[in-house]
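From just these sequences and the hints, can you work out the full model?
Protein chains: 2
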Amino acid sequence: MTTRELLFLGLLRHQKMHGYQLNEFIQQDLAVCTDIKKPTAYYLLNKMEARGWITQSSEQIGNRPLRRVYQITPTGEIAFQSMLRESMQEYTPTYFEDDIPLAFLDELTTDEASTYLETRKEQLLSELEIMQNTPVHPGTVQWMLEHRLRHLQAEAAWLDEVLSRLTLMEEE
Amino acid sequence: MTTRELLFLGLLRHQKMHGYQLNEFIQQDLAVCTDIKKPTAYYLLNKMEARGWITQSSEQIGNRPLRRVYQITPTGEIAFQSMLRESMQEYTPTYFEDDIPLAFLDELTTDEASTYLETRKEQLLSELEIMQNTPVHPGTVQWMLEHRLRHLQAEAAWLDEVLSRLTLMEEE
DNA sequence: AGAAAAATAGTCAATCCTGACTATTCCGGA
DNA sequence: TCCGGAATAGTCAGGATTGACTATTTTTCT
Chain A
1 MTTRELLFLG LLRHQKMHGY QLNEFIQQDL AVCTDIKKPT AYYLLNKMEA RGWITQSSEQ
61 IGNRPLRRVY QITPTGEIAF QSMLRESMQE YTPTYFEDDI PLAFLDELTT DEASTYLETR
121 KEQLLSELEI MQNTPVHPGT VQWMLEHRLR HLQAEAAWLD EVLSRLTLME EE
Chain B
1 MTTRELLFLG LLRHQKMHGY QLNEFIQQDL AVCTDIKKPT AYYLLNKMEA RGWITQSSEQ
61 IGNRPLRRVY QITPTGEIAF QSMLRESMQE YTPTYFEDDI PLAFLDELTT DEASTYLETR
121 KEQLLSELEI MQNTPVHPGT VQWMLEHRLR HLQAEAAWLD EVLSRLTLME EE
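Residue numbers (this note's numbering), protein chains in the order written: chain A, 1 to 172; chain B, 1 to 172.
Hints may be right or wrong, so weigh each one.
[Claimed, not checked] Below, simulated DMTMM-like cross-link-like pairs (lysine to aspartate or glutamate); rule was C-alpha separation at most 20 Å, straight line:
#1 Lys121(A) / Glu97(B)
#2 Lys121(B) / Glu86(A)
#3 Lys121(B) / Glu146(A)
#4 Lys121(A) / Glu86(B)
#5 Lys121(B) / Glu107(A)
#6 Lys16(B) / Glu107(A)
#7 Lys37(A) / Glu97(B)
#8 Lys121(A) / Glu90(B)
#9 Lys38(B) / Glu97(A)
These are computed hints drawn from the structure, not numbers from a lab.
Listed below in structure tokens is the structure:
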């Protein structure tokens with residue numbers, strides 16, 4: 001996923017940041033679109049430094065432990081520009097992990113299957129509700145929210161279809 | 001992704017298969033829902049053998065190279081049953097990699113952005129067309145196709161929305 | 001003041017995944 | 001019958017990812 005690197009570069013363009021700050025921001029403000037774990041973040045930052053896209057420097061505030069501050073380089077800026085343009089044009093098909101169990105739906109009675117899929121649907125609907133009650137976000141993040149919303153609605157409609165066909169089979 | 005293991009178990013329940021056969025089937029018939037690379041397949045099969053879920057035996061047909069035939073064990077069957085039920089109830093939220101570049105849409109002129117997103121849309125639409133012309137598949141795979149179809153339609157609608165708002169901004 | 005909880009700032013070992021590679025065999029056409 | 005390409009059957013080294021862990025400092029509450 002090159003887009004993860006794009007993300008770090010994009011964030012560092014506005015201001016130099018330290019690791020904790022980057023991780024916080026990603027977990028808090030970008031939870032809609034990605035979930036980069038802390039060790040992954042450091043791994044990627046190190047890789048990007050090795051490549052010359054960013055630099056690290058040490059900083060100490062008061063008695064807090066030393067921390068590394070990351071800063072984008074001109075090379076990094078060039079990389080950002082080109083990756084941004086490339087990835088903006090791309091459509092990458094997504095696989096849905098939860099599709100796989102459906103391949104074996106026959107192994108369950110329609111009754112049992114319905115019960116499980118209802119549980120699944122409840123989780124989906126509660127996700128959907130959270131989304132619908134999320135206040136409007138600033139800037140372009142709003143577009144991701146709407147993306148997610150549409151996606152969840154499509155999921156719900158599809159699950160309903162599956163469930164209603166299962167019910168039909170049950171009645172036969 | 002535990003569902004990958006579920007998939008292998010589910011396939012081996014019907015008949016013992018060798019590695020090549022498993023890989024072929026996944027690439028040809030299950031391309032809608034997953035893309036497991038060959039080395040990953042062997043890796044997972046070995047892991048599952050170590051765990052006692054499947055057994056390997058060697059087989060030779062004519063002069064062809066020796067090959068390993070995988071077969072599910074009773075322990076594997078139990079694992080399959082429990083994983084199937086668990087995963088059937090689960091809804092796992094999906095992240096869309098292509099959302100990330102949108103966070104930096106401001107960095108481009110609306111004109112440039114539109115051009116790129118139009119390219120993206122074309123790719124999406126050609127995917128959609130392929131889906132719509134795919135003949136009805138047998139069994140439960142059909143449900144995955146419909147899932148994908150709905151998802152692609154939602155994507156297209158969302159992209160249209162983004163594009164039309166961009167155009168509005170351009171006119172101001 | 002003292003203790004528990006939260007915030008800060010990472011690291012490490014292990015797991016997962018895949019591009020690139022190796023080899024052999026079969027098959028159709030010149 | 002000889003050659004090239006497709007099919008067969010995997011392996012290996014290396015990159016990506018993360019759960020669990022370590023340590024210190026600040027804050028809060030009593």
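Hints versus structure:
Straight-line distance between C-alpha atoms of Lys121(A) and Glu97(B) comes to about 24 Å, which puts the hinted pair past the 20 Å bound. This hinted pair checks out: Lys121(B) and Glu86(A) have alpha carbons roughly 14 Å apart, not beyond 20 Å. Taking the CA atoms of Lys121(B) and Glu146(A), the gap is about 17 Å. The hint holds against a cut of 20 Å. Among the hinted pairs, Lys121(A) with Glu86(B) is consistent with the structure: their alpha-carbon atoms are about 14 Å apart, no more than 20 Å.
With a C-alpha separation of about 38 Å, the suggested pairing of Lys121(B) with Glu107(A) is violated against the 20 Å cut-off. With a C-alpha separation of about 18 Å, the suggested pairing of Lys16(B) with Glu107(A) holds against the 20 Å cut-off. Straight-line distance between C-alpha atoms of Lys37(A) and Glu97(B) comes to about 15 Å, which keeps the hinted pair within the 20 Å bound. With a C-alpha separation of about 9 Å, the suggested pairing of Lys121(A) with Glu90(B) holds against the 20 Å cut-off.
With a C-alpha separation of about 18 Å, the suggested pair Lys38(B) and Glu97(A) falls inside the 20 Å cut-off, and the hint holds.
In terms of the numbered hints stated before, the structure departs from hints 1 and 5, listed from lowest to highest.
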